[in-house]
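J.: Chains as they are written, first to last, in my numbering: chain B, 65 to 148; chain D, 65 to 148.
It is worth saying that the hints were derived from the structure and are not from the lab. Each residue gets a CB set at the ideal place from its N, CA and C atoms; glycine is no exception. Be a bit skeptical, because a hint or two may be false.
[Said to hold, decoys possible] Some chain B residues close to chain D (C-beta under 8 angstroms, calculated; not the full set):
id: 1; residue: D71
id: 2; residue: Q103
id: 3; residue: E112
id: 4; residue: F139
[Said to hold, decoys possible] DSBU-like cross-link-like pairs, simulated, lysine-lysine; straight-line CA separation at most 30 angstroms:
id: 5; chain 1: B; residue 1: K105; chain 2: D; residue 2: K75
id: 6; chain 1: D; residue 1: K84; chain 2: B; residue 2: K105
id: 7; chain 1: B; residue 1: K105; chain 2: B; residue 2: K84
id: 8; chain 1: B; residue 1: K75; chain 2: D; residue 2: K105
In case you want the letters, here they are:
Number of protein chains: 2
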Amino acid sequence: MATVVVDVMPKPEILDPQGKAVLGALPRLGFGGVTDVRQGKRFELTFEGEVTDEILAEVAQMAETLLSNPVIEDFEVRVEADAR
Amino acid sequence: MATVVVDVMPKPEILDPQGKAVLGALPRLGFGGVTDVRQGKRFELTFEGEVTDEILAEVAQMAETLLSNPVIEDFEVRVEADAR
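So here's chain B without its partners, still in its complex pose (with noise of 0.2 angstroms):
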């Protein structure tokens, strides 16, 4: 059994209000230097057996049409090492 990991993340010069209402209420909290804060999915896909080139060929074209909106957002595939 493997993991992919696909981390989505709202593209730099995209507005995202979640992690800024992160980042307005950590001082609140009396967290302090913290600069910027961004909030993004992150899915584990659990496989039978191997990663191979082709199957994360395959999660980046779902991560593309299904689990991202390429328009605002950037994603990452990669093979979760120590899988939970």
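We have chain B; now place chain D onto it with these hints.
T.: Positioned in the frame of chain B, the structure of chain D alone reads:
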């Protein structure tokens, strides 16, 4: 400038309806081979200067009090080597 990443995922024993929805949609889009999908959140926190152990401990506290719900979610804090 350094980026600290907080990954927040539903605990394994918690039902994850968003992940199940993605899992159900994949075959309809022609994607096979995926046996499970879990959906969580990813936060990127930007700090000025270097990330010390104190900062990482503070981020773990932020994750516990603001970024995650420890009753139903696990989190993981790590320093991002190549900040986007």
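J.: Does E112/B meet its interface restraint, that is, does its C-beta lie within less than 8 angstroms of any C-beta in chain D?
T.: holds (6 angstroms)
J.: F139/B was flagged as interface toward chain D. Is the shortest Cβ-Cβ separation under 8 angstroms?
T.: Result: violated, 11 angstroms to nearest chain D Cβ.
J.: Against chain D, with CB atoms and a cut of 8 angstroms, does the hint on D71/B hold up?
T.: holds (5 angstroms)
J.: For the pair supplied as a hint, K84/D and K105/B, confirm whether the alpha-carbon distance does not exceed 30 angstroms.
T.: holds (15 angstroms)
J.: Is the hint on Q103/B kept, meaning its closest Cβ partner in chain D is under 8 angstroms away?
T.: With a minimum Cβ separation of about 6 angstroms from chain D (threshold 8 angstroms), the hint on Q103/B holds.
J.: Check whether the Cα positions of K105/B and K84/B lie no farther apart than 30 angstroms.
T.: holds (16 angstroms)
J.: For the pair we were handed, K75/B and K105/D, check the Cα-Cα distance against 30 angstroms.
T.: holds (16 angstroms)
J.: So if I understand the rule, the pair passes when the alpha-carbon distance is 30 angstroms or less; does K105/B with K75/D pass?
T.: holds (16 angstroms)
Taken one by one, the earlier hints fail for this structure only at number 4.
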